[in-house]
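Combine both chains into one complex, guided by the hints.
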Amino acid sequence: MMSYAIAVRDLRVRRGRREVLHGVSFDVPRGTVLGLIGPSGCGKTTLMRSIVGVQVVAGGTVTVLGEPAGSPRLRERVGYSTQSPAVYEDLTVAENLAYFASVLGAPKSDVGRVLGEVGLGGQARQITRTLSGGQRSRASLAVALLGNPELLVLDEPTVGLDPVLRNELWGLFRRLAADGGVTLVVSSHVMDEAARCDRLLLMREGDILADDSPGALRRTGEEDLEGAFLRLIAERDEAGTAGRS
Amino acid sequence: MSPSITLATAGRILTQLRHDRRTVGMMALVPTLVMVLLYYVIGDRRSFDAWTPVLLCVFPFLVMFLVTSIATLRERTSGTLERLMASPLGRLDLLLGYGLAFGLMAAVQVTLVLAVSLTWLGFDLSAPVWPLVVVALGNALLGTALGLLCSAFARTEFQAVQFMPVVVLPQLLLGGILVPRDQMAAVLEWISNVLPMSYAIEAMKLAAVAGAEGDFWRDVAVVAGAAVLALLLGAATLRRRTP
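Chains A and B are the protein sequences, given in the same order. Residue 238 in my numbering sits at position 238 of the first sequence; the count goes up by one each step and never skips. Residue 1110 in my numbering sits at position 110 of the second sequence; the count goes up by one each step and never skips.
Derived by calculation from the structure, the hints in this document are not laboratory data. For clarity, every value in this text was computed on a predicted model and none was experimentally measured. C-beta: ideal position from N, C-alpha, C; glycine also. A couple of the hints might just be wrong.
[As the list claims (entries may be wrong)] Facing chain B, from chain A, some residues (calculated, C-beta under 7 Å):
hint: 1; residue: V52
hint: 2; residue: E95
hint: 3; residue: Y99
Bound conformation, chain B alone (with noise of 0.2 Å):
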């Protein structure tokens, strides 16, 4: 692994994005304009106070594990990846550059919802911002990495989309947004436990209400471990040999 590679990469991918601006404007307003349009599908106060936190932590992961599947599956299909696979290239360092990069988009990204939930929508807020913010970043590298891993399993681009739904629906069901975990039954509860975003989620409704406090930085640490450990599967995945 060298920095200056993984900077490369990280380079590489975001002029990808520049020169693809439609994709760079609906990755950066598209979660904004859902905030505008819940807010007023809502209309009720109290309710989107406890829905936008919701949105917070579910946007950046749903975009970035889209955004990354088909990314690397592009590097898999196009020969680029082998390219790399045969350059002094460490595997770390395309999976690193790749969450450098959508890391930054998804940066973007949540500071937009966040400044225009705050101001023109209104979002009642007590507690500091920040803590928000990095949980909607930790939740966006969770997506990235993923991504990463589950493109390894498909073979085209119908598949991969396929499994947005895959990953994405048990979790966010499962994740105590419609019913709260506690009172699901045992044997969804036990999986609800073992599912990343359960505590992405309450992480992002503690730091809406209180900030960093409680377990807080426990489920903070727990969506990170789950990031860290699906890019190591996700390296594993890549291969310098192929049949």
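Isolated chain A (complex conformation) (with noise of 0.2 Å):
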């Protein structure tokens, strides 16, 4: 069996009445770059949520590095970071990782290291709170480059990020997956960052659309990633139709 770094099997996850994923399946090998893409509310966040192990399923399995997502093991093996930024608004920036490094079990050098590598040098000394949106947002994705994970989950980390430091995030991304042979899922809406990925999954109401790279998602006739996208959705609600009548 190849060691994939996250083996999906018919996952169903219900929040409240409503079920949000309707058994999903895939398998993700390791150092890959995995690009979650699809509308708001189409159940991103919960299957990250459920890749790290802090969603509540109703059935299926999510093996992550081997182990049951969630198995106490894959605490510090596990790099996680919300779509809101979820750090300590009254501690400084530097104070934020220290305390998540030392929980971590990550030497205090890694402060300065995560510091640079999303570009928050200047600001460590600044309290939390007064940051900009996009420097909070950066806060909060340098938690997850805390220690050493060998699977970094990332709900949307570029949003409200200008082309410059979005560009430079994507840098880091593709150098962690190529050198340390990091796995990452990165969650996005914004298409023209879905091409940086090795490989898409196309979500949609709680089901997978698509899952293939980039380039052999262009090559269904369609020029972008966009168009692709748009031609799979219809092709699905004609095939839903037809099955129908």
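Rendered as structure tokens:
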């Protein structure tokens, strides 16, 4: 059996009375940058929470780095950054990082390293509350980079960032995957970011519409990914109507 | 659970407090100021000597309950709790971290009130001081533990603040401050018997009169037991997985 970083089988998640993931299955080899693409509310965040192991699931299995998702041994091997920044607003950026580093058992020197990686070196001593929105989400991203996570699950890490910063972060993601063999799951609803992933999961309404490389998706006949996405939705809807009639 | 993570957590909470000087100042000074006010309102030495232990009991509990319930509610709503629950941090690391940090604040608070009462206000204490400190700190920890527990049932800070009168006022009314417990209606006395604050108030009164004598240690054990129970229940409300 090949060692996948993530293996998801028939994952079902209910939130309240609504089923938000309807039996999703896929595998991610190690060292892959996987993009989760889809409109908001399609289940991207729920899927990421299930991979991290903080989501109550209704059925199916999620195996991460060879262990069931959320098992204690994974807690220092998986880095997770939520969509809204999860940092202490009343601490400085460096104090936040120092605290999470000691929780993770990461060396103190990691604080300086991740500050550099997300480009917040100049804001280290600033109270997090006083940062701009984009800076705050980078501070939250920096926490996920502490230690040496083998899997990084990043929910919309580039929202609200200017193109230069976005480009730098994607450079960092590619470097982590290429040099460190880190597997990354990155959600986005920006189609031009999707092109920088090795693989894309196109999601809609709790299902996976497509699971392929950006290049292969473009070869479906459309010139850009947005077109390919729209066409897949149209095909799916037609098939649905045909099936019912 | 790991001691280094517990200490790091307590250190982080104290650093948060350090950035909020006004809160620290109020936590440390308000009980003392109220004590001074009480002294001048009562104007009668013997009543003041009777009221001082009661306030020493109530204040640490009240302040720690409020501060802890708001602080943990913030952890829940800001997403930092979810982040910690996905990390190697144990649930007791978080709870004990809060207990340590706020316990230290309570110690500062109690020291200041006692120092001012015993010197400037001339609080006449024939017994040793340390049993009073033991009860005050035990009660502060009880407040911290109940605050942690109640924050699990509050979605907003408004709701969290409303838990204060719910948890505190009945315990004060039934705690034997206004009416001695054995003069209450039987049902009320039964309720009073299961409220931990009743034991804290009794222990404090005993300590003020005779020191650590009589039922003192039994009462302290009840308060400590209630604090541990509330901490364990609070730990059960911290979930690694949420819907």
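Problem set entry | Earlier hints that do not hold, by number | none
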